[in-house]
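Residue numbers for the sequence shown follow my numbering, beginning at 2 and rising by one.
Hints were generated in silico from the structure; no laboratory data involved.
Since this is a predicted model, take the numbers as computed values, not measurements.
Don't be surprised by glycine CBs; every beta carbon is placed ideally from N, CA and C.
FRET-style restraints, in silico, Cβ to Cβ:
| no. | residue 1 | residue 2 | range |
| --- | --- | --- | --- |
| 1 | Ala207 | Leu159 | 29 to 37 Å |
| 2 | Arg180 | Ser37 | 54 to 62 Å |
| 3 | Ser48 | Val141 | 28 to 36 Å |
| 4 | Lys114 | Glu195 | 20 to 28 Å |
| 5 | Gln186 | Ile14 | 34 to 42 Å |
| 6 | Tyr228 | Glu204 | 19 to 27 Å |
| 7 | Arg180 | Leu128 | 18 to 26 Å |
| 8 | Ser37 | Gly221 | 52 to 60 Å |
| 9 | Ser37 | Glu62 | 14 to 22 Å |
| 10 | Ile60 | Lys116 | 33 to 41 Å |
| 11 | Gly27 | Tyr137 | 14 to 22 Å |
Cross-link-like lysine to aspartate or glutamate pairs, in silico, EDC-like; alpha carbons within 16 Å at most:
| no. | residue 1 | residue 2 |
| --- | --- | --- |
| 12 | Lys25 | Glu139 |
| 13 | Lys212 | Glu189 |
| 14 | Lys183 | Asp219 |
| 15 | Lys153 | Glu109 |
| 16 | Lys36 | Asp23 |
| 17 | Lys114 | Glu125 |
| 18 | Lys176 | Asp219 |
| 19 | Lys114 | Glu147 |
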Amino acid sequence: MNISNLVGVPLYIKIKESIREDIKKGVLKRGEKLKSEDELAQIFGVSRMTVRQGISDLIDEGLLYRRHGVGTFVAHQHLERDHSRLTNFFEISKRDGIEVNENLLGLEVMPAKPKIAKALDLGEGDLVICLRTLRYTENVPVTIHEAYLPHKLFSQLLQQDLKVETKNLWAFYEKCGYRVKKAVQRLEARQANEEQATILEIEEGAPILFKERTIYADNGAPIEFLYCYNRGDMYSLTVTLNR
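Use the sequences and the hints to build the structure in full.
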């Protein structure tokens with residue numbers, strides 16, 4: 002941390018930019034806890050209030066976050082989704098240069114529960130494929146993705162290389178004759194239950210952004226119904242509104 006090269010700049014801004022540079026260079030890692038305000042004040046040779054002002058600015062920017070009674074941490078890479086357009090996780094990540102990955106949590110064929118059957122225009126008890134995956138950004142778990150597909154349309158998925166197909170389900174749908182056209186989705190704030198907290202490596206009760214979505218093909222047929230559980234500290238959305 003070096004603030005001597007920013008001549009004529011207020012001290013709190015020097016501290017802010019020094020911390021930002023350390024994060025950019027990897028000196029401070031994502032998820033790493035910062036030294037205490039008292040320690041940083043000694044390092045920089047300034048008052049604790051000056052340190053706090055610089056840190057507060059970085060918290061407002063989303064580069065740092067504070068856990069009450071624990072300390073201040075470097076925020077993980079934030080995944081921002083534009084929900085004014087229909088895009089998928091991997092398209093957005095590639096565009097933004099974010100390293101992403103996905104692990105398979107489960108794949109099974111099951112009878113459709115009433116809500117899933119209604120969304121997919123199936124009879125209750127008709128077979129669906131349930132595909133559960135865990136998605137990562139920069140090796141940190143960010144989303145539990147739970148998709149339900151009509152078995153009668155996509156039984157081929159059970160014979161495919163899932164490492165390839167799960168990362169581009171929409172291309173798989175198109176190979177089967179169903180091009181993704183639109184989606185209807187609902188978002189709400191929730192608290193992570195014990196299982197979700199364990200999988201996402203967060204505290205039970207931590208905020209998550211829950212998403213429920215039905216995807217339709219260009220012929221109007223519903224082809225996917227899903228639940229997404231996104232870490233609230235790593236996921237945000239943007240919607241364009243016109244008047």
